[in-house]
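Q: Residue strings, one per chain:
There are 2 protein chains.
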Amino acid sequence: MKKLINDPRTVVAEALQGVALAHPGLLTVVTGPDHIHRADAPVQGKVALVSGGGSGHEPLHGGFVGYGMLDAAVPGAVFTSPTPDPILAATLAVDGGAGVLHIVKNYTGDVLNFETAADLAEAEGVQVRAVITDDDVAVKDSLYTAGRRGVAGTVFVEKIAGAAAQRGDDLDAVTAIAQRVNAATRSMGVALTAPTVPHAGEPSFDIGDDEIEIGIGIHGEPGRERIALEPADAIVDRILAPIVEDLPFASGDEVLLLVNGMGATPLIELYVAFRRAHESLAAQGITVTRSLVGSYVTSLEMQGFSLSLLKLDAELTELWDAPVQTAALRWGR
Amino acid sequence: MKKLINDPRTVVAEALQGVALAHPGLLTVVTGPDHIHRADAPVQGKVALVSGGGSGHEPLHGGFVGYGMLDAAVPGAVFTSPTPDPILAATLAVDGGAGVLHIVKNYTGDVLNFETAADLAEAEGVQVRAVITDDDVAVKDSLYTAGRRGVAGTVFVEKIAGAAAQRGDDLDAVTAIAQRVNAATRSMGVALTAPTVPHAGEPSFDIGDDEIEIGIGIHGEPGRERIALEPADAIVDRILAPIVEDLPFASGDEVLLLVNGMGATPLIELYVAFRRAHESLAAQGITVTRSLVGSYVTSLEMQGFSLSLLKLDAELTELWDAPVQTAALRWGR
Numbered sequence: 003m004k005k006l007i008n009d010p011r012t013v014v015a016e017a018l019q020g021v022a023l024a025h026p027g028l029l030t031v032v033t034g035p036d037h038i039h040r041a042d043a044p045v046q047g048k049v050a051l052v053s054g055g056g057s058g059h060e061p062l063h064g065g066f067v068g069y070g071m072l073d074a075a076v077p078g079a080v081f082t083s084p085t086p087d088p089i090l091a092a093t094l095a096v097d098g099g100a101g102v103l104h105i106v107k108n109y110t111g112d113v114l115n116f117e118t119a120a121d122l123a124e125a126e127g128v129q130v131r132a133v134i135t136d137d138d139v140a141v142k143d144s145l146y147t148a149g150r151r152g153v154a155g156t157v158f159v160e161k162i163a164g165a166a167a168q169r170g171d172d173l174d175a176v177t178a179i180a181q182r183v184n185a186a187t188r189s190m191g192v193a194l195t196a197p198t199v200p201h202a203g204e205p206s207f208d209i210g211d212d213e214i215e216i217g218i219g220i221h222g223e224p225g226r227e228r229i230a231l232e233p234a235d236a237i238v239d240r241i242l243a244p245i246v247e248d249l250p251f252a253s254g255d256e257v258l259l260l261v262n263g264m265g266a267t268p269l270i271e272l273y274v275a276f277r278r279a280h281e282s283l284a285a286q287g288i289t290v291t292r293s294l295v296g297s298y299v300t301s302l303e304m305q306g307f308s309l310s311l312l313k314l315d316a317e318l319t320e321l322w323d324a325p326v327q328t329a330a331l332r333w334g335r
Numbered sequence: 003m004k005k006l007i008n009d010p011r012t013v014v015a016e017a018l019q020g021v022a023l024a025h026p027g028l029l030t031v032v033t034g035p036d037h038i039h040r041a042d043a044p045v046q047g048k049v050a051l052v053s054g055g056g057s058g059h060e061p062l063h064g065g066f067v068g069y070g071m072l073d074a075a076v077p078g079a080v081f082t083s084p085t086p087d088p089i090l091a092a093t094l095a096v097d098g099g100a101g102v103l104h105i106v107k108n109y110t111g112d113v114l115n116f117e118t119a120a121d122l123a124e125a126e127g128v129q130v131r132a133v134i135t136d137d138d139v140a141v142k143d144s145l146y147t148a149g150r151r152g153v154a155g156t157v158f159v160e161k162i163a164g165a166a167a168q169r170g171d172d173l174d175a176v177t178a179i180a181q182r183v184n185a186a187t188r189s190m191g192v193a194l195t196a197p198t199v200p201h202a203g204e205p206s207f208d209i210g211d212d213e214i215e216i217g218i219g220i221h222g223e224p225g226r227e228r229i230a231l232e233p234a235d236a237i238v239d240r241i242l243a244p245i246v247e248d249l250p251f252a253s254g255d256e257v258l259l260l261v262n263g264m265g266a267t268p269l270i271e272l273y274v275a276f277r278r279a280h281e282s283l284a285a286q287g288i289t290v291t292r293s294l295v296g297s298y299v300t301s302l303e304m305q306g307f308s309l310s311l312l313k314l315d316a317e318l319t320e321l322w323d324a325p326v327q328t329a330a331l332r333w334g335r
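Residue numbers (my numbering), protein chains in the order written: chain A, 3 to 335; chain B, 3 to 335.
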């Protein structure tokens, strides 16, 4: 295992110390139980958004804490759900009296622990709602998950619901927007190589030098099939088709397209993939009116990428464009 | 070779098509000869900044084209200097009558081709100056380079000189600022793995499973020594010391610290490195007042990182903080 770490047992804690030192005006990092929140939390009268999950997917979620997006992020150990304690602590820390929305990727452990934390927070008088993201069309009932998995489309939910909260929507309205975004989002990924979890010390799965895994999960969970490496355009077409068919996206639609690197995929390759996805969508009458290209929801140093598509309307476009100021997404402010 | 590409011969052209489709309002991509410029170029009366070099270091340089930074970027083939033709075309395209500054990383081919393009542009009546960046303290007279190499500190030069041009400084003043930033910047890098150039098809160098290369170049050029893998803190200390000694940075200094991923290093590891660098600098009385953590000057899918340090003063800090709107750096606007 070749990693820039000191000790698998301390990597998350040390990274959090780095985050605190790198973003002093923006973020506050609380240790014991660990979470990250906006430096100006709680924002009185604003609905607060809390997300979280296993570490190893950076910049998700800590990189999305700040004005116009998340109020707090709760990082578990690498690829491991956070326990209820830090989720509860984050929820109480950011509640500004208008309630808290939990945005939870659909993994059994995450869902259970966020539910427990929500119950505990409600017992302390904080109103909590939850939205479970499940944008991955690849498989149903995978390792760690009942139903579909929550993957890179979660960024759309966090950004757009964050903008709705920032403009002053109440808890019911923010929850409804988050549900609407999740319902209109579909994703699928591909892996060229496997990630290595620090405390495991070995790659999460074996894959041949000429093989790729279609429909990979963000923890290296199995996808739909293992095939021989193909040209980029063929791979893009292979995962774009099930995304488009599933919603379905149709001619005349305007969409937000995310080409997401999973950790070790060079940006030059992500743009090659973006070109093909844009071109294929255009050929189907689907117009990419907003886009995002980069590594936003990663799986440590896994080589691979995912495509996420959100069907836009005027309101969702306006909320996507609204100002945001976080470590990983920043515009208009 | 496991890459998300169609053909090694078309990867740069296809990526540029992706860049054009992904950033329509921000960038214009010109093909034949290939370059990227600000969508609103030429900006009349403003000094224009042009940089470039081999592809494979993305987001450098195309990701830094936009308001407050570069006016144009000229991408060569992967790890290969651009020829004079596209450099000339970019220079002519962005000149707004106030002259053009070339920002050139110190590699022999880049320097020669930018010089030739500058001569041709001058012959067409455009005033051109050049600043050669050479921030890498690792080695002198390396493969491809006479003197020191230009590496990740180039981002500081492009951002700060870009802000000076944006506020209305004339060509002499912008050139002087760029030189001042380069003179106050030092960098050094480490590789854990080798990159694979698409048209070569094989890793650029052999490195053992337990070895790292101290002082690596951004094209995989040899560094100072090959040692056994160490804990992250020890590696950070090993490359921070020569950076600090070289300028030298001293107690009481305020600095901008960049922890730069070279392609395949997870963000969580970059924050572990940032923590240690910040802590070690603090112990020497050097205060990190500005920071940047992420993959900004990469070497395809190489695992590794570099540290860059710029000694700040009030003016450089203000120019670093000034609004910027590019694909890869965006704040305040």
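Don't take every hint at face value.
All copies of an identical chain are treated as equivalent in the list; a pair is satisfied when it fits inside any one copy or across any two copies.
Here are the simulated EDC-like pairs of lysine to aspartate or glutamate, each with C-alpha atoms no more than 20 angstroms apart in a straight line [stated by the list, open to error]:
id: 1; residue 1: Lys313; residue 2: Glu281
id: 2; residue 1: Lys4; residue 2: Asp211
id: 3; residue 1: Lys4; residue 2: Asp208
id: 4; residue 1: Lys313; residue 2: Glu247
id: 5; residue 1: Lys142; residue 2: Glu227
id: 6; residue 1: Lys4; residue 2: Glu232
id: 7; residue 1: Lys4; residue 2: Glu281
Since the hints were made in silico from the structure, they are not lab data.
Q: Does each hint hold? Answer for all of them.
A: For each hint, the structure was consulted:
For the homomeric pair Lys313 and Glu281, the shortest alpha-carbon distance inside one copy (17 angstroms) is at most 20 angstroms, but the shortest distance between copies (45 angstroms) is not. With identical chains, the CA atoms of Lys4 and Asp211 are at most 20 angstroms apart both within one copy (19 angstroms) and between copies (7 angstroms). Both within a single protomer and between protomers do Lys4 and Asp208 lie at most 20 angstroms apart by alpha-carbon distance, with minima of 17 angstroms and 15 angstroms respectively. For a Cα distance limit of 20 angstroms, the shortest separation of Lys313 from Glu247 inside one copy, 13 angstroms, qualifies, whereas the shortest one across copies, 54 angstroms, does not.
With identical chains, the CA atoms of Lys142 and Glu227 are at most 20 angstroms apart within one copy only, with a shortest distance of 14 angstroms there and 49 angstroms across copies. Only between protomers do Lys4 and Glu232 lie at most 20 angstroms apart by alpha-carbon distance; the minimum there is 10 angstroms, versus 28 angstroms within a single protomer. Taking the closest pair of Cα atoms, Lys4 and Glu281 never come within 20 angstroms of each other, the shortest separation being 38 angstroms inside a single copy and 23 angstroms across copies.
Consistency note: the structure conflicts with earlier hint 7 alone.
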